[in-house]
Amino acid sequence: MRTLVTSPTRFVMVALMLATLAVFPFFEQQFYTEMVTRVMILSMFAISLDLLVGYTGLISFGHAAWFGLGGYVFALLGTKYRLTESLWLTMPASMAVTAAAAFLVGLFVLRTRGMFFIMVTLAFAQILYFFFHDIEALGGSSDGMNLRGKPSAAIGGWVPFELSDTNTLYYFVLLLLVAMLVFLALLLRSPLGRALQGIRENEHRMEAIGFPVYRYKLAAFTIAGGLAGLAGYLFAVLNSSVNPEMLSWHQSAEVLLMLILGGMGQLWGGLIGAFTFALLQEVLSTFAEKWHLWLGIIIILLVLFLPGGMISLLDRIRGLWQGRRT
Amino acid sequence: MSDVLLRTVNLRRTFGGLAANDNVSLELRRGQVHALLGPNGAGKSTLINLLSGDIMASSGQVFYQDRDITRLTPHERSLIGIGRSYQKTNIFPGFTVRENCRLAAQSREPRAARIFSDAATWGPYRAVVDAALRDARLTDVAERRASDLSHGQQRQLELAIVLATRPEVLLLDEPLAGMGHEESLRMIALLRGLLASHAILLVEHDMDAVFSIADVLTVMVNGRVLITGTPEQIRASPEVQQAYLGSEEAVHV
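Residue numbers (this note's numbering), protein chains in the order written: chain V, 19 to 344; chain G, -12 to 240.
These are computed hints drawn from the structure, not numbers from a lab. Any given hint could turn out to be false.
Unchecked claim - Pairs of lysine to any residue, SDA-like flavour, derived with a Cα cap of 20 Å:
1. G/75 with V/218
2. V/308 with V/324
3. V/168 with V/308
4. G/75 with V/219
5. G/75 with V/220
6. G/75 with V/222
7. V/168 with V/218
8. G/75 with G/170
Claimed, not checked - Going by beta-carbon spacing under 7 Å, a handful of chain G positions derived as facing chain V:
9. 57
10. 61
11. 67
12. 68
As the list claims (entries may be wrong) - With the Cβ distance kept under 7 Å, some of the chain G side facing chain V (calculated, not the full set):
13. 52
14. 56
15. 59
16. 65
17. 79
18. 83
19. 98
20. 102
21. 103
22. 105
23. 108
24. 111
A virtual CB, placed ideally from N, CA and C, is assigned to each residue, including glycine.
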């Protein structure tokens, strides 16, 4: 758990954040509960990207492909082909399909490096985008697709919870967000996770000491794809719709931005980044007309003065505080 | 005594029209330090890269204990027992010294599917790492960040990483580069300690060090082997004298 909780200050912050998230629905109206659910889903999306960007050193500019695909798997199973709406079938199916797709794409794109990797991930994401934009059998349409309903949690005749309830969906997403963080924290201290971080640190030497670097990268790409698929699935469930824009390069750029804002290679960075991004959007759009402009300026300033992301703000402040005392 | 671990046959590598290595045949035996000498541009580093798989041969073969490994990738060669160190320090700067070595040990037992186990605490890794740190005399600084080490210590770490992969053949590209006198002596003592169980190929510019430790020397000029022999034979060779007379470096005899 050292990856999750690195210092006592962090522990307090994390506990506060989770406690706030846990009690939030009791104090808010439905509108904000839904909004926070949305941001938590985007956090999961950003955190899944962090496994590639922050921990393996693979800058993917096509991560939205897996996000969108995850949503579309549910739309196709539940609405278009009406095969099943069971949560217990569609959610694993979403993750499995996106992971498999990421694996196949990874076979090709991971043969490239640096700038070329950025470009080919973008290119593959665009190909998938047009699948869901133009191919009728895949629900292709520029308007996307409205879903029949939320997935059903029924097991036989027993219904443990209803995702159509706003608060239930909120807690379901919160639970999965925490599960994802714990999963990644465990993964990152495991031999596989260590090797991925070694690849980020010095890929050439990893190869020289006997690691089949390509296969390790492929594992990371597959896992990150499956996790992004889960986020996309939840996003579709929340919105009760899917749209090819979920796979667009804007979406890929936005999640990258969230991660940079929050801090890469920090695990919490994606969470903090997604909330910062949403907060900026919300606040700026209420009192500024050209709010995109202000958002851009603020992001540039944050990147310039907080290159470690928002997560480094805490250490900065503590550093200033301790500096003043000594 | 003299079992041959690594052998090359007529190895050749060209870059464009230039033959950086041509018709190179040599043998590395267990228990021997085989030193590679030659002026800059003679093809020493190319040869090490050919042996480690960092570059591929244009023609000719490399054998590891009679197995043809000419087409193997660097990680495959590392796994069968060929370890190399780099002239330019090539470590994991952001990790602790211990983690640098632990990663190397992990490559022997990847356990990649065990995604819920803690890599840092697994016993068998620890044992290998502790031995490598002890051999490279880095135990005291094991928990420091690699980037915080002195240059000499980083050179020792460079070697410790290789040792943690438990190789049979060591390809050492200027292990003494940039080291002070004291540090060099310690490194030479360290290499002597490894000798019995390893075959060592040593590229080194420090002639005193080379002649003090080498059992066999190969002198290369313009990508070709000029002569291979014992230190006495090399000292006495008129060809070597002549090859070095034209260059700025000189063999201190």
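Legend entry - Interface restraint verdict for residue 83 of chain G against chain V (beta-carbon cut-off 7 Å): violated (12 Å)
Legend entry - Restraint check, 7 Å cut-off on beta carbons, for residue 65 of chain G near chain V: Where the cut-off is 7 Å and the nearest Cβ of chain V is about 4 Å from residue 65 of chain G, the hint holds.
Inset, instruction - Tell me if residue 67 of chain G is really an interface residue toward chain V, meaning its C-beta lies closer than 7 Å to one of theirs. - result: violated (9 Å)
Legend entry - Evaluation of the interface hint that places residue 52 of chain G against chain V, nearest CB under 7 Å: Violated, because the Cβ-Cβ distance from residue 52 of chain G to chain V comes to roughly 17 Å (cut-off 7 Å).
Legend entry - Interface restraint verdict for residue 103 of chain G against chain V (beta-carbon cut-off 7 Å): It holds, given that the least Cβ distance between residue 103 of chain G and chain V is near 5 Å, below 7 Å.
Inset, instruction - Would you check whether residue 57 of chain G satisfies its interface hint, that is, whether its CB is within less than 7 Å of any CB in chain V? - result: violated (18 Å)
Inset, instruction - Return the status of the interface hint for residue 102 of chain G: holds when the least beta-carbon distance to chain V is below 7 Å, violated otherwise. - result: With a closest approach of 5 Å, the residue 102 of chain G hint holds.
Inset, instruction - Could you check if residue 108 of chain G really has its C-beta closer than 7 Å to a C-beta on chain V? - result: violated (9 Å)
Legend entry - Given pair status - residue 220 of chain V, residue 75 of chain G, alpha carbons within 20 Å: Holds, at about 13 Å.
Inset, instruction - Take a quick look at whether residue 308 of chain V and residue 324 of chain V sit within 20 Å of each other, Cα to Cα. - result: violated (24 Å)
Inset, instruction - Quickly compare the C-alpha distance for residue 75 of chain G and residue 219 of chain V to 20 Å and report which way the hint goes. - result: With a Cα-Cα distance of about 16 Å, the restraint between residue 75 of chain G and residue 219 of chain V holds, given a limit of 20 Å.
Inset, instruction - Report holds or violated for the interface hint on residue 59 of chain G, using the least CB-CB distance to chain V and a cut-off of 7 Å. - result: This hint is violated: residue 59 of chain G lies away from chain V, its Cβ roughly 11 Å from the closest one there, beyond 7 Å.
Hints 2, 3, 7, 9, 11, 12, 13, 14, 15, 18, 23, 24, counting from the list given before, are not met by this structure.
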